[in-house]
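Line by line, the protein sequences give chains F and U. Final position of the first sequence in this note's numbering is 337; the numbers increase by one with none missing. Final position of the second sequence in this note's numbering is 334; the numbers increase by one with none missing.
No lab work stands behind these hints, which were simulated from the structure alone. Predicted, not measured: the structure shown is a model, and the values here were computed from it. Think of the CB as a built atom: it goes at the ideal place given N, C-alpha and C, for glycine as much as any other residue. Hints may contain errors.
To be verified - A few chain F residues that don't get close to chain U, going by computed Cβ distances all over 10 Å:
1) Arg19
2) Leu21
3) Leu34
4) Leu37
5) Gln96
6) Lys132
7) Met149
8) Gly175
9) Ser178
10) Trp196
11) Arg252
12) Gly260
13) Gly316
14) Gly327
15) Trp331
Claimed, not checked - Derived list of chain F stretches under chain U, where covered just means 3 residues or more per stretch with a C-beta under 8 Å from a C-beta of chain U:
16) 140-146
17) 264-272
18) 300-310
19) 319-326
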Amino acid sequence: MTSLAPDALAAGTQAAWRRWLRRHGWTVGVWILLFGLIAYYSTLIPRFGAFQVASIVNNGTPLVFLAVAQAIIVIAGGIDLGVGGMLVLSSVTAAQLMEGQAFGVTVILAVLIVLGAALLNSGVGWIITASKVPDIVITLGSLYVFQGMALAVLPNPGGGTSEGFRWIFTGSTRGIGSNPWPAAVMMAVAVFAVAWWMGKTRSGLSLYAAGSDRTASYLSGINADRVKITAYAIGGAFAAMAGLATTAIAGRGNATTVGGNLTLNSVAAIVLGGVALTGGIGSVIAVVPAGIILFFLNPILTAMGVDPHGAQVIQGVLIVFVMAVTGLIEWRRRRQA
Amino acid sequence: MSTDLIPVVEDGDEVVSSRQKAARYLTTHPHLVLIGVLIVLIILTGLVEPNYISVNGLRNSALFAVPIGVLAAGQTILMLTGGIDLSAAMIATGAAYVAANQSPRGALIAIVAGLLVGLLAGAANGIGVGIFQVNPLIMTLAMSGILLGLFTSWAQTIFSGSTRMGDFIRTLGGGSFFGRAVPWALVIWAVLSVIVVYMLRRSGFGRNLYALGDNPAASRLSGTRAWQVLLAVYTIAGVFAAIAGLLLGGRVGAVDLQLAGVFLLPSVAAAVIGGTSIFGGVGTYTGTILGALILGVLQSLLTFLGAGQAVQQMLYGSIVIGLSWLYTRISAAQ
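Here chain F stands alone, though its shape is the one from the complex (with noise of 0.2 Å):
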């Protein structure tokens, strides 16, 4: 009995470590792959130190709020194609009010904004279960609407923010310096609230059931509608941090950005991130890393000497690439099944 153990144990350990693998392995893959990159960047340029790392983490902030904002709600069963227009609003709306205000006004107006934005989202999410319209086609309609509003607040690019509240995002209150950390902890705290919402509670975990089966999550006795307009009220809380970190970095507000093209940016960032686009897979943890690798590919295409257009260029081949080779593995792994 005793000689039979440590294998059984051995065995058991294996099988555990692979069921982890399985389960966390896209998430460590895409981590490894973002370590890999920064390593490989700094032996590209001639100097690489805080100034570099700053640059990546504080200009990669805005896409990875936005990339989790999509993921939560991508996990539950969704696709927000208005959270890059609600990016513009939050921030042309934070660049408006905050021109010339003190510090703390800031911070109060930025919480404010976050919360409008939560509610402003929650009437989509109502929107969407209540007409039973699909997600894509009402957030369509969204991403319009959000921009107007956007344009409608901010007419010309301008506005301004506290040099406290710039720093808040971008250690520097000038919104461009050498200091990763505020930008770093604020990602980190925001990111791992949701990951332990959504991975330990009742209410988080029930966007995973809604999103893999809705019917059977009703029976379950799980409100679906309810998940699901919740998943949009803090996927918009997200996409406004998204746009407050916009307008803390460059000082101002501009609604002219196009919000479509954050948004697509931010779906090319999930996908990277393992979450599946039906709903029901993946981890806010894996998306960190891929939003700030979206957003980092271009200096390190640069570095390697090949023009911004090139460096588009493979971006999507590189997110085809990706896919494609998911996509294989997948179709063996259900062939061998």
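Fit chain U to the given chain F structure using the hints.
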């Protein structure tokens, strides 16, 4: 859904009020609602600007609807299979670029070269979606990025200085006949519409599209090779996008990288307003045509109202939401 559970009462001895009859007729003929919306919009626009109800006014709306309608033809046949083409606008722009570049060598070569762009980009989309099973949103989104990168860099190198469209394509895109009453672009759209409607309603390929979108497993078991259908339908959609690009480039006269971008989301909206389901298996091109015309008239109305860009976008978004909601309610009642 719940109406399925109620036993169906045959008409016969049951007294049906005329109102119920009308409601029932509408639910079985949802296109009538779209026609109603279209007429109301035209009358509204006429009230705002009395000159609108004229050959010239309606012609402008139709001209605006043409690129949307042609792009939406691609979106409709793709949506029937559960797909979508987010690269349609970039394909259109690319086709226009190539056609402008080849214009000095004659209209025929220019048009063929432009259509070839659509054929190749569409086929690449089809290979990605059909063979490598890449999600259509991602595949076409990435294709859009790839084309944007390629054409931005080519615009400064091999295409630099050749952005003027040839005269023949300009006539096709912007010219009219019968005393400036009927635009050539409208005729091309009409011909294309007949082909698409015939393809969807009468051809085996059209049935395959509905079958694949409605139930991929059943369609596979009945002997359809999905990858072949997908490859074909994405290629066709690419060619449609190229046609839209040529017409648009011909109307504008010169090409730039933002040529077709603004028409991408309206092309999806036209198909959706027309009752095509984004999940596949349900929809007609007739509905999409009405959707494109509604958006064309709407554009005229917004212009006459003198609404700024901000109000235009908000109204546009609200109308997409409102109409799709209305349409879903009507078809759900069925």
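Verification of the supplied hints:
Separation of Arg19 of chain F from chain U is adequate, the least Cβ-Cβ distance of about 25 Å exceeding the 10 Å criterion. For Leu21 of chain F, the requirement that its beta carbon stay farther than 10 Å from each beta carbon of chain U is met, with the minimum near 23 Å. Every CB of chain U is more than 10 Å from the CB of Leu34 of chain F (nearest about 20 Å), matching its label as outside the interface. Distance check on Leu37 of chain F: its Cβ is at least 19 Å (rounded) from any Cβ of chain U, clearing the 10 Å threshold; non-interface status holds.
At the 10 Å boundary, the C-beta of Gln96 of chain F stays outside the reach of chain U, the nearest C-beta of that chain being 13 Å off. Not every CB of chain U lies more than 10 Å from the CB of Lys132 of chain F, the least distance being 6 Å, so the non-interface label is violated. With 10 Å as the threshold on Cβ separation, the claim that Met149 of chain F sits away from chain U is violated: the shortest Cβ distance comes to roughly 6 Å. Distance to chain U confirms Gly175 of chain F as a non-interface residue, since its nearest Cβ pair spans about 27 Å, more than 10 Å.
At roughly 31 Å, the least C-beta separation between Ser178 of chain F and chain U is larger than 10 Å, which holds for a residue marked as non-interface. Every C-beta of chain U lies more than 10 Å from that of Trp196 of chain F, the closest at about 29 Å, which supports listing it as non-interface. At roughly 18 Å from the closest C-beta of chain U, the C-beta of Arg252 of chain F stays outside 10 Å, upholding its exclusion from the interface. Against the 10 Å criterion, Gly260 of chain F falls within the reach of chain U, whose nearest CB is about 7 Å from its own CB.
Not every beta carbon of chain U lies more than 10 Å from that of Gly316 of chain F, the smallest distance being close to 4 Å; the non-interface claim is violated. Under the 10 Å C-beta cut-off, the non-interface status given to Gly327 of chain F relative to chain U is violated; the minimum distance is some 4 Å. The beta carbon of Trp331 of chain F is not kept farther than 10 Å from every beta carbon of chain U, the shortest such distance being approximately 6 Å. A count of 7 residues in the region 140-146 of chain F with a Cβ less than 8 Å from any Cβ of chain U is obtained; the coverage claim is therefore met, three being the minimum.
Counting residues of the region 264-272 of chain F whose CB falls under 8 Å from any CB of chain U gives 4; the rule of at least 3 is met. Given as covered by chain U, the region 300-310 of chain F passes the check, having 3 residues with a CB less than 8 Å from a CB of that chain where 3 are the minimum. Residues of the region 319-326 of chain F with a Cβ under 8 Å from some Cβ of chain U number 4, which satisfies the need for three, so the listed coverage holds.
Going through the hint list in order, the structure does not satisfy hints 6, 7, 12, 13, 14, 15.
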